[in-house]
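Protein chains: 2
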Amino acid sequence: MGDQNLSRLVSPRSVAVLGASDNPQSIGGRAVRNLLEFSAYAGGVYLVNPAREIVAGRRSWPDIESLPEIPDLVVVAVPAAAAVAALERCGQLGVRFAVLFTSGFGEGGGEGREYADRLLKIVESTGMRILGPNCPGLCNINQRIGFTFSPSFRNDLSAGPVGLATQGGGLGRNIMQSMDRGVGIGLWASTGNELDLQVADFIHYMAGKEDIRVIVALLEGIKDGPRFMRAARYAARIGKPVVAFKLGHSDYGRRAAQSHTASLTGSADINSAVFRQLGVVEVDDIDELIDTAWLLSRGLPNQMKPKIAVYCSSGGTAALAADAIGLAGIELAQFSAPTSEILGCNLPAYAAIANPVDTTTAVLKDMSIIDRTLIAVCNDPEVSLVLYPMALDYGDVTEATVRSIIKVNSESRVPIIPVWMSDRQGPGYQLLAASGLPPIRSIGKAVKAIKRWIDYGSWQKEGKREFMPKMLSAPEFVIEDAPSVMGEFQAKRWLRHSGIEIPRCEIAASPEAAISIASKLGYPVVAKVVGEDILHKSDVGGVRLGLASDCDLENAWNEIHANVQSSLPETHIDGILIEAMAPSGGLEMLIGLSRDPVMGLIITCGLGGVYVEVFKDVSRRMLPVDYEQASAMLKELRCYPLLTGMRGQPRRDIAALCHLLVKVSDFAVEHLNSLSEMDLNPVWVGREGQGAYPLDAVIVGWGLDARAAPLACRDGEN
Amino acid sequence: MGDQNLSRLVSPRSVAVLGASDNPQSIGGRAVRNLLEFSAYAGGVYLVNPAREIVAGRRSWPDIESLPEIPDLVVVAVPAAAAVAALERCGQLGVRFAVLFTSGFGEGGGEGREYADRLLKIVESTGMRILGPNCPGLCNINQRIGFTFSPSFRNDLSAGPVGLATQGGGLGRNIMQSMDRGVGIGLWASTGNELDLQVADFIHYMAGKEDIRVIVALLEGIKDGPRFMRAARYAARIGKPVVAFKLGHSDYGRRAAQSHTASLTGSADINSAVFRQLGVVEVDDIDELIDTAWLLSRGLPNQMKPKIAVYCSSGGTAALAADAIGLAGIELAQFSAPTSEILGCNLPAYAAIANPVDTTTAVLKDMSIIDRTLIAVCNDPEVSLVLYPMALDYGDVTEATVRSIIKVNSESRVPIIPVWMSDRQGPGYQLLAASGLPPIRSIGKAVKAIKRWIDYGSWQKEGKREFMPKMLSAPEFVIEDAPSVMGEFQAKRWLRHSGIEIPRCEIAASPEAAISIASKLGYPVVAKVVGEDILHKSDVGGVRLGLASDCDLENAWNEIHANVQSSLPETHIDGILIEAMAPSGGLEMLIGLSRDPVMGLIITCGLGGVYVEVFKDVSRRMLPVDYEQASAMLKELRCYPLLTGMRGQPRRDIAALCHLLVKVSDFAVEHLNSLSEMDLNPVWVGREGQGAYPLDAVIVGWGLDARAAPLACRDGEN
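Going down the list, the protein sequences come from chains A and B.
Following the UniProt record's numbering, the numbering of the first sequence begins with 1 at its first residue and continues without gaps.
Following the UniProt record's numbering, the numbering of the second sequence begins with 1 at its first residue and continues without gaps.
Rather than coming from a laboratory, the hints here were simulated on the basis of the structure.
Careful: at least some of the hints might be erroneous.
Pairs of lysine to aspartate or glutamate, EDC-like flavour, derived with a Cα cap of 20 Å [claimed, not checked]: (1) B:Lys365 to A:Asp22; (2) A:Lys448 to B:Asp22; (3) B:Lys448 to A:Asp284; (4) B:Lys448 to A:Asp285; (5) A:Lys240 to A:Asp269; (6) A:Lys121 to A:Asp224; (7) A:Lys451 to A:Glu636; (8) B:Lys305 to A:Asp22; (9) A:Lys365 to B:Asp22; (10) A:Lys451 to B:Asp22.
Which residues of chain A face chain B? A partial, calculated answer using Cβ under 7 Å [claimed, not checked]: (11) Gly170; (12) Leu247; (13) Gly316; (14) Ala319; (15) Leu327; (16) Glu331; (17) Gln334; (18) Asp423; (19) Gly426; (20) Lys635; (21) Leu637; (22) Cys639; (23) Leu643; (24) Thr644; (25) Gly645.
Please read all numbers here as calculations on a predicted model, not as lab measurements.
Note that the Cβ used here is the ideal one computed from N, Cα and C, for glycine as well.
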């Protein structure tokens, strides 16, 4: 199912409509009308309806077998049972694609599930690809072809460079209606239940199409993580931006998405980390998809630190825009002397001629001022983009302003981004929409879009280098068994066996043995309870630090036994782990692995100890990570200054921490199918040259007993 | 200037227009037209123009002295010099209010500054109040009276319960144009340069007006902090919500605002903290003002944890809304059995009848389903508000949906909040606007507004109790001199003198003295360099901790001297502070004071040590704070779980920390006019019963030498 050549689905040489009808309210009737009346389709159309001789004034065919040719595509508007039977025959005949509007395939369970299984069998055995079921179909706007029953098809026909793939139809149509703001959308596929074709497949397909410059994806869930990753990587290689919004940031959202399209949604944090790594531009709300995509579609040059200009005719608006820009960490350009001179000559003395430019309402009297000054701002060598917010709609005057914007934009080396802030949408707004300069609706949204454009540029320059040579982190198998937990001692020995340095340690079965071990390690030591059922050692008083003498150690032995027995009376204590204590003054970080149901095994690094739960300051990557990626992970952390040293704090052994991350990554790759989770917290990070190593470790996974056995503790093996 | 009775400004019995003109393009001509043609003003109107006998078909008067009565208000549309002269005469004659459109009063410096001073003198000597200069005036929409030259006045005449005060005219007009979305705005004052009347004065005035239910304030800066605080407190006491957006979150924004209206903007963080404490509802972008204000204007009951319902006809939209709601930490209602039964009976089997409700497109065929099921959702006892997002515009069908929404809303106990997500604004949108149910434009913005409504309710139940009995934190004087800095030793002694416990300490002038002091304090001790020029002791290697013996201490003495002399060769070392060392394992917090140029002295508490700069986890209050407020400050911190104890960490002495906060507040109140900043960082917080005290202290202020002198170190005074 790796073939992403969907050309004959998007632009088939011929198509048959099963369930073609004259009833304008029926699904089949609407589909026929959209194809015959509102499309400009030049291929062969076969209407199939065994109960009619004529449909829509054309010959109606009784079944697929009687057609004079095998169509590339069948569009299916018949109930589930009939649809399955017909598609089985289509598959056998060699039809390549089907668009299946029909619902009732497993969203509600029962026989729908059985139908869905039969459809999957068709896909597997014949190679026919199915779009749907439970979807409004496909709109190939750039060729004006609609394989859809949507009554809105006729209204949303503005061709353009944006490619759109969504699961649901309602939100997809919401995006299509941004055409009223001047956006052009070349292709929209709604994948519905994603029984076969997924949003990922259309990302893959559109990445290779010249008429699509930016891909917009709206995801309720991701059915197949690896497939999505491959598609995103393919688009990234070609250099085509993918802008995505994925539901499932909260439990409410995950539950609702699951009940709508039965989509599995993994962790939102992990999803965002994967998106970021793959260069997928993630947005926070559906309206931001188009704002961002349209900006990216304008083909701006990639610059590392682009600077922008603000130009408007209201001081408050200039201040509002400057404020939002500063807050987003974006830089305003500093105008060169020639720019300032042109602004100074043409604008009144009380205007603001530095960036942001406030022309004041002087332009209301002489609109030609805009033509002369706006182009100067566009031509300034430091300016990469001009934001033009319009706070209010003056009617005619604003329309004239818009004419200037359109004219200057067409002459300008850099794009002008108009922002229409008013709820009044008079002729100026309509003119922007008609001229292919869709306005953004608020300064906040505009600045967010600009920030994403800048971040995407940085990713192209820097993040892209981080690209994984292989795709290892996707789950390659379905996990049925519950994983088991490997406690600290076993986990540490396995890590050490795999070349990851841990503090020297040994299990003691008696106070005497503990003292003997401590004398080998040298005081101070740490004592930690070991027991199969004891997961949170600290919580039950099972840990004692900084033991400096035989006496301390003996007391600790007794306290730990007393504490654990009082907290967990039923538990068995296997012994006490005696460990060399890390020098004081180390920084506590953490390194973790977690298995996302969609994205697979992910590595995490962050501030450890108790702070992880308070500040959640972590960065994540797909596997594997190399030294450079490990270094980039650390730089993303808010706590990075604690590693580099600040306010009299020492610089930490960052190199050792990076090496440890790489070793953990290697370990994870080696045991990819055994690991579910791993938690090294805290990871002690010393001063430069002192190293970095885990002080605690828990591993969760499958078949761990077998791995641990040969590493079981042998006396004196330290 | 404390009199906020602006009735005769907003609704004068008579008004004179200075600079009345027949030229429809002039400021005076537009003002006359707005008043005579587009207003429904019943009071006396006197047009004043010495060059004309007739203006706008009425008698024109040569000057203010010749009028048959003294008008309540003069509207001034003449250039600056003439305006000042006329206003001086108006003030002497007893005119109570002036609206001054004219620019050129000090925005550009020069003689404008002089004019401004003369205006201020009029205000002071005659009591006449001035709106402006440099403003578009005042629109009393509820009585349909415009004292404004704006050509848009005639288009923005939808009366309503929102009161609006802005500085600038452009952004104010932007908000006025939300009338096109169905919003009604009763009064708009644009205060321009705020030479006399400020946004705060209109907040104060509108708080007392029955026809205004919610006040919207847009601030480029706040000229007079105490005046703003008094106005906000007055509104809070009356129970009238104030929704505010203040520029100045970034340096760019502060600079641009300053150049526009010469507004001083203090720290955005401090501003937000003051807003929160006063119950002012702060928003993040201008469009959120109206979304939030309109929701608050609907007079929803205050509930501590209101639960909401989502109702729509698209599964993706339902999931999107549920996701945003979950992410905002808002609760979805759980429907009672009767609600579920009605939904189950009326909706198809494949609909989602739990919250969020997805009717599916079944409603397209039978719109009466909405009437029957939406009212059931509204009537559910757990539901406080129903969010109705509409993803797309189906034309007629959507218009019919809107009819249902309007009908059910009128019958419902709880409000329905429509969200119009599409860029297509067909008849359904227009119908919502016309029916006084202004739609919000995205789910994200709607959820933000709902969150603010919930937060405002919580504040009314809880935050309001925190109200200060007195207003102490506002700056009572203009500070001209630069403040001086008091180092750790002097600062600590002053604090101790004021009843704030600090670790025992003494300055040593020689290694022998240090050892003698340490023997009194008991090891371990801390050694810190003392020197007037040495502000960042750690940065220059001037601090040694955990000195456990005479030998350690002597080494530390030498190291500190060597370090400091190598870092700061020119500096003088006054001695070494020897201090009892706090027990290990304490949590490092901070307590600070800072003087905001607008809001005055503010107290801050947060996670201290190196973490403050990394995570900026702090909470702030105006002075004074009592024990309950101190406790609330701690609960706001993200790091609060570190105080209450988590993951085997001990519970900290929260009571001692609260007491310390109260003592610092008392100290600040006592020395209000001397203090500019104070930094207690770290504040050591022990386990329960161990106390909390500052380990380091810096005080910045005025006249500190005099305060410190009597507390200078005397040998053996510990």
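What are the numbers of the hints the structure violates, in ascending order?
2, 5, 8, 10, 16, 17, 19, 20, 21, 23, 24, 25
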